[in-house]
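Protein chains in written order, with the working numbering: chain A, 1 to 1062; chain B, 1063 to 1535.
Hints were generated in silico from the structure; no laboratory data involved. All C-beta atoms, glycine included, are put in the ideal place defined by N, C-alpha and C. You may find that some hints are simply not true.
[What the hints assert, rightly or not] No more than 30 Å apart at the CA atoms, straight line, and that leaves these computed lysine-lysine pairs for DSS-like:
#: 1; chain 1: A; residue 1: Lys291; chain 2: A; residue 2: Lys485
#: 2; chain 1: A; residue 1: Lys62; chain 2: A; residue 2: Lys654
#: 3; chain 1: B; residue 1: Lys1530; chain 2: A; residue 2: Lys820
#: 4; chain 1: A; residue 1: Lys308; chain 2: A; residue 2: Lys448
#: 5; chain 1: A; residue 1: Lys73; chain 2: A; residue 2: Lys365
#: 6; chain 1: A; residue 1: Lys594; chain 2: B; residue 2: Lys1183
[Unchecked claim] Pairwise CB distance ranges (calculated):
#: 7; chain 1: B; residue 1: Thr1230; chain 2: A; residue 2: Ala590; range: 29 to 37 Å
#: 8; chain 1: B; residue 1: Ala1186; chain 2: A; residue 2: Pro706; range: 53 to 61 Å
#: 9; chain 1: B; residue 1: Thr1230; chain 2: A; residue 2: Lys709; range: 16 to 24 Å
#: 10; chain 1: A; residue 1: Ala319; chain 2: B; residue 2: Pro1329; range: 52 to 60 Å
#: 11; chain 1: B; residue 1: Gln1149; chain 2: A; residue 2: Gly515; range: 42 to 50 Å
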Amino acid sequence: MHNYKYPFYPLFLSLWLCLIIGPGLPVASFAQADSLPVKKFTGIVRSGKDGAPVAGASVKVKGSARFTITDEKGSFFVLARPGDTLEITSVGFASITCPCSSVDRNTLLRLTLPEDYQRQNEAIVIGYGNERKRNITGAISSISAEEIGSSSAISFDNAIMGKAAGVQILPSSGVPGSATGITIRGLSTLNADGSQPLIVIDGLPIYGSGQNLNTSTFNNSTSPLIGFGGTNVSDNLTPAQKFENDPLSSINPADIESIEILKDAYATAIYGSRGSAGVILITTKKGSKGKAQFNARYSAGALQPIGKYSLLNGPQYNAIYTEYYKELGENAVFNSTANTDWIKAVTHTAFTQQADASLAAGGDKTQYFISSSYTDQPSYVIRNGYKRYTGRMNISLQPSTYLSAGAGMSLSYTDNTALNAPAIYRTAILKAPNLPITNPDGTFAYGKGANPHGATDVNPVADATLNTNSLRTTEQTGNAFVQYKPVTWIALRTELGVELNTGEAYTRRVKRPSGFGDDAVQTSTQNRKIVINNTLSFLHTLNGGHYINAVIGQSFERSSETINSIGGYTFFSDQIRSIDAARNKYIIDALTQKWAMVSYFGRLNYEYRGRYLAGITQRVDGSSKFGANRRYVSFPSFSIGWRISREKFLADYKWIDDIKLRASLGFTGNNNSTSYYGSQGQYLLNSNNLSYAGIPILQIQQPDNPNLKWERTRSIDAGLDISLWNGRFSATVDYYRRRVNNMVLSSAVPLYQGWSRQPQNIGDMVNEGLELLVRAQVIRKKYFSWSVNFNAATNHNKILRLTANTAEVGLASDAFKYLKVGGPVGQFFLYDWKGVDPMTGNPLWGDGKGGTSIIPPASRYLEVPDVNVFRQPYGTSLPHLYGGMGHTVSYKGWQLDAFFSFSLGGKMINGSRAALLTYATENANNLDTRILNYWLVPGHETDIPRLANRSITIPNGSTTTSIYDYTTSRTNSRFLENASYLRMRTLTLSYSLPAVLLQKTTHGVIRSLQTFVRGTNLLTVTGYSGLDPEVNAFGSSAIQSGYDELTMPQNKLYQFGFNIGL
Amino acid sequence: MKKLMYISALAAWWFTSSCNHQLELAPENTLVDREVFNTQGGAEQALAEGYYDLLRAVMDNDAYIYGDVTTPELLHTVYYDTYDLGQASPTDPSVVGIWTNYFQAVNTVNNVISKIPLYAKFPAATRDQFIAEAKFIRAYAYLDLLKFYGDGALSGKTDGLGLPLQLTPFAGYHTGQIIPRSTNGEVYAQIIKDLTEALPSLPDRQTGGDLSTRSRATKGSANALLARAYLYMRRYENAAAAAKLVIDKTDIYSPTTDLYQLFPPDPGGTAQTLTPEYVFALPVSQMVSSSTSISYGPGYGYYLKNNYWINPAFANSFETGDKRVSQLMYKGDTIYNYQPAYLTTFKFNNPNGRDNISLIRLAEVMLTRAEALARTEGVNDASIALLNTVKNRSVTSATPYVSGDFSDANTLVATILRQRDFELAFESHHRYDLIRTDRPLHTPDLPADRKVLPIPQSEIDISAGVIKQNTGY
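Whenever a hint applies, use it, and build me the whole structure from the sequences.
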């Protein structure tokens, strides 16, 4: 498919074009005529990619000053002698030459420009400026609009999954609009949110991913919708009722012209204190000179969950639970006769459609781009939808040679009514299958029916049907710039950007027969940001081959984040939605937090004789988040490069386009690891409004922490860029080592100091890895081509220093992770499950000394001071090797795109399997059919223990309370699985009508027309026994990843659509 | 040239268009140090947290109960065996919790002591008073900590290991920046120093009225605490002198005749006043919050009798007609009565543990002076008079003692101690009185080095052994 083809504008090239082209349509300009007679040659220039006419291509008669420019139909005429050679060049295409001798003057020349695979002169965006690709000495991954367009993901972060080496994208679940974790070159800090990169759209740093700003909690007051009430299951993860939104999903991927991912310190140090986790620069599409181009796209499709659990049916459920309670000695007979497939009842094949349209046009002084889109991609859970509407307008102005200006505005409105989908999905899986959906009278059946044990207040179908929930977000961004160029090589630029995000989350549960429910929570958030950038840039080539591209600048940024959250319960009618009408009301949150940043930065890129490159950047950030004594922090970086291909000894190797060696060293920071307002002591009135002898009690909320230093990342990178055979083969190899010093984590302090924990600089870690990117045109024939791109990255993470007491480092409390010097960050730290003893049917556990025991180690807390001695580290959830691979095969108008991503070595706790093997609770939830293989008789070899076993501890006489089921604890190695996978993300077959045909039949009205069918997530190869190895119960946090807790799997999506260009 | 000037002018404007003050942002939902300690109100509220932290330290983690449940006064379930048998582990939640809570109070008042001089903009006299109150709280916390953790602190072992003397507020922790344990003698010296420094700036009466006078530091409570510290240090002359300063303030402190006024029945949990007998008490009954209750204190356990109750032998050892038995010991509530046959104390009679908690009563000060005088001057009338005051309030029929009743100082001391046991029973004194007078605890043959709690293991781990464990552990 070809959407908009906006060539990257190299600064010098565009200048060059402006100077020569001048205004106007077909213009033939003549220098003085030669003495020999010239003839008139006419021709048409077409694109080698899709056959569309190429307007504005330069046709030059070699050896003379004669040239012309093609018109909008691609046609030209030029005067030349028969022996002359024509040279045709156009931005974005490789130039061709064509001898005139072979053609008769009356013949129409049909010239086809091949696509330019050697884009060494293209400029790419590098943060506060552009640089020629050949001069880049940092590690930057570029992703083009086409690559983004080949995915149907509603959010660009999901669209670029597997497309950039060293960039790991981790979707959290199949809920539409749910968060995605982006990790560039491994973890950047120990903070849950701190590994998210900075995201900059057209120069405006936006509010990015992260749990802090994007989570809507709807903890209702009366009872949890889901949970493990009644009896205890040790160390369960009960997913909180919250929804983490993906803020990046408010951007329409079709508006994106290119994405640059800055990975090493030379690239990111210009973003200083926010550069440590990488930077993603997004450039939106702009208008262009020439004929107005209208593009529209529509697709429709259907989606389903990627897989389905194999659960017990009614009779099987009855049998298992009756047997279990019989073994316990309790006469509890399960004999309800209904047989409900709850999953089927709450899921469906959802219909999805996407439509977008854009118009790009412009004259010499004004260009514009406008677009809008509509996306409807509901969840596969019934009555849980997702709709998005976006609009964007970009205008560029060049009123004079000295002055240029531009403005961009975007508006996006998202209506996500799928917040409850995860809870409904989970409840449906766990609901007893021997119970009906409705009572005979037609009302919803909630209770446990005739079952002696069971959840008393659950009906997922009723929840989906009766309860309401929504998250409505609007995102508005606007930016404008003015640029003044007093001389051609100096540009002064002022940029102003504004971002306004609002979110409105609302949940309402109707009253259940038990009296639970009947409540509502409403949360509104407002994030406002202003950014001002002032830069002074120089671009100059001096005599003697010195090229200088430099910028100095200053930036100011201010953000204000407000949250207001209220709740209410006891409504006089289920129809009432306003919390104002609730009998009981309470305020959950009402807070505004602010931060501001003042920065100064500079960069100098230098090239000598097109061969030797060097660069230096420096940024000084002053942040309100830093304490007054540590307010300004400086982040320098340095780089060097050597274009070996330009050396004489390689000059004879014509098949070498470009070989470049580069290396960089630099420092960046991470300001996600700290709170607002620095580390000053803060006081708050006692939360219970207590007073002592009439004096209100003012409590220390957070003590002064002046010693806290800022995390600092020192990165080195060495890379090699190769381009061969006129762009048919290109490769990039990078080695990197990122050392993060003084990582901040809340960690223990001596208790006699009056506090138990405090954010401290507790350690250092290193990420080390290799990245490889290869692009090859394996076959490049006139009608047939096959191209492959492949990328892979390794990352090895290691903790170098740790001053905290490892056993009690904070991570254990939320994701049971573990830190130890010499090991990677965030290891699983688990009890050693040794399987089931075939003779007794009891689980066996490693006792930490090489032997086995039938006593669950976690239960031995009375015997040993610390039961953690029985636990071991088991590796991390982050993969050792990951990447992607794409194939594009085209034959005439047909094109087949297949894109795969893979991940090797990551581990995952299959909490879904644990939940579906948990029967020792009062809830008596439904189980996986694997339970049917439970141990029966001595000698029975199975991995499912006998139902009543030694690791389910039951106090005397009680079958319902204080039961501890150690067999299904997430802290044992039983549920740790390898989550490696290879997934076919997209498979697209498209057909484009020949441009010539369109030209003829529609008289030029339709420029291009393409239809396509696409499948998303059609195939996954994995050893993981859950539904989807790519989920994260903890949302976007990479450090907490590796938990599947009946998390909604991703979609399988089938689509049909067309693109049309006018 | 002109162009260059324009450029420079433009550049200059651009680069100065922002300034540093934009970065001075303050949180809107919390206050910072400067704002708190600027004003008298803010500083007083910060000081209130010191009292509240002390209250939490005393009430939580069985800290208060520990002084009685390990003595012959009470019987208990197996739950308290580890404490009774001196077998509490260094990771025991109460061992860690008591240490943590008391040091939290110390840190809070350290903050008051150091921040008021930095920021305060209110009258110097008030400033000094708040600092003095903070020092009183610090002294109280350290004396309690010595009772729990000081190795031999109550047995006159001044060179035994006491506590880390943390006298500055928390300002971030650097690995390895550890204060080792000072000796008991050094900790006592710090307590004396704090109280002595506090005394001149403390008022006789707090301006907030009687409740404030009896629940915040005053000259009286500081002297009373000083008397207790000297008594523990066996500096009896000083103890007697300090106690006298309290007893002489008869316009402020006087014995309450009616025991039911001293320990008022409070089934509804309403605010109860503190009678003039209280020198320093925690006004728990006054601290009812609209949204929630404060945690259940020791009174809850006494009320329920599900974990500890009065040892019948102890009850029987009182003289007949002693009101401290007839009025203050009862069989408890009929609704939640787990052990209907057993006795509990009326000193804690609210079902939700909302009784005020006595920390220093005039009776204690009197008995301290009586004992100290007896130990220094032998049999003397002043001691006997004080002893009679305390005893005859409850045993109204008893013949007052006269000097002829006592053959020597030891008999007098023994009698005073006996009355002290009766009078201050269940008020977290008995264990420490037994240890300092070398009498057996509930577990009679407990080795001396097990009569203290172990230091929390995490302190030893995090300090890499710089903070040493008690010798018995």
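Taking the hints in turn, this is what the structure says about them:
Taking the CA atoms of Lys291 (chain A) and Lys485 (chain A), the gap is about 28 Å. The hint holds against a cut of 30 Å. Between Lys62 (chain A) and Lys654 (chain A) the alpha-carbon distance is near 22 Å, which keeps this suggested pair within the 30 Å criterion. Among the hinted pairs, Lys1530 (chain B) with Lys820 (chain A) is consistent with the structure: their alpha-carbon atoms are about 26 Å apart, no more than 30 Å. For a cut-off of 30 Å, the pair hint linking Lys308 (chain A) to Lys448 (chain A) stands: about 24 Å separates their Cα positions.
The straight-line distance between the Cα atoms of Lys73 (chain A) and Lys365 (chain A) is roughly 22 Å, inside the 30 Å bound, and the hint therefore holds. At most 30 Å may separate the alpha-carbon atoms for a hinted pair to count; Lys594 (chain A) and Lys1183 (chain B) meet this at roughly 28 Å. Between Thr1230 (chain B) and Ala590 (chain A) the CB atoms are about 36 Å apart, so this pair conforms to the stated range of 29 to 37 Å. For the pair Ala1186 (chain B) and Pro706 (chain A), the beta carbons lie near 28 Å from each other, so the given range of 53 to 61 Å is not met.
Checked against the hint of 16 to 24 Å, the pair Thr1230 (chain B) and Lys709 (chain A) passes, with Cβ atoms roughly 21 Å apart. Look at Ala319 (chain A) against Pro1329 (chain B): about 55 Å separates their beta carbons, and that is inside 52 to 60 Å. Checked against the hint of 42 to 50 Å, the pair Gln1149 (chain B) and Gly515 (chain A) passes, with Cβ atoms roughly 47 Å apart.
Comparing the model with each numbered hint stated earlier shows that hint 8 is the single one that does not hold.
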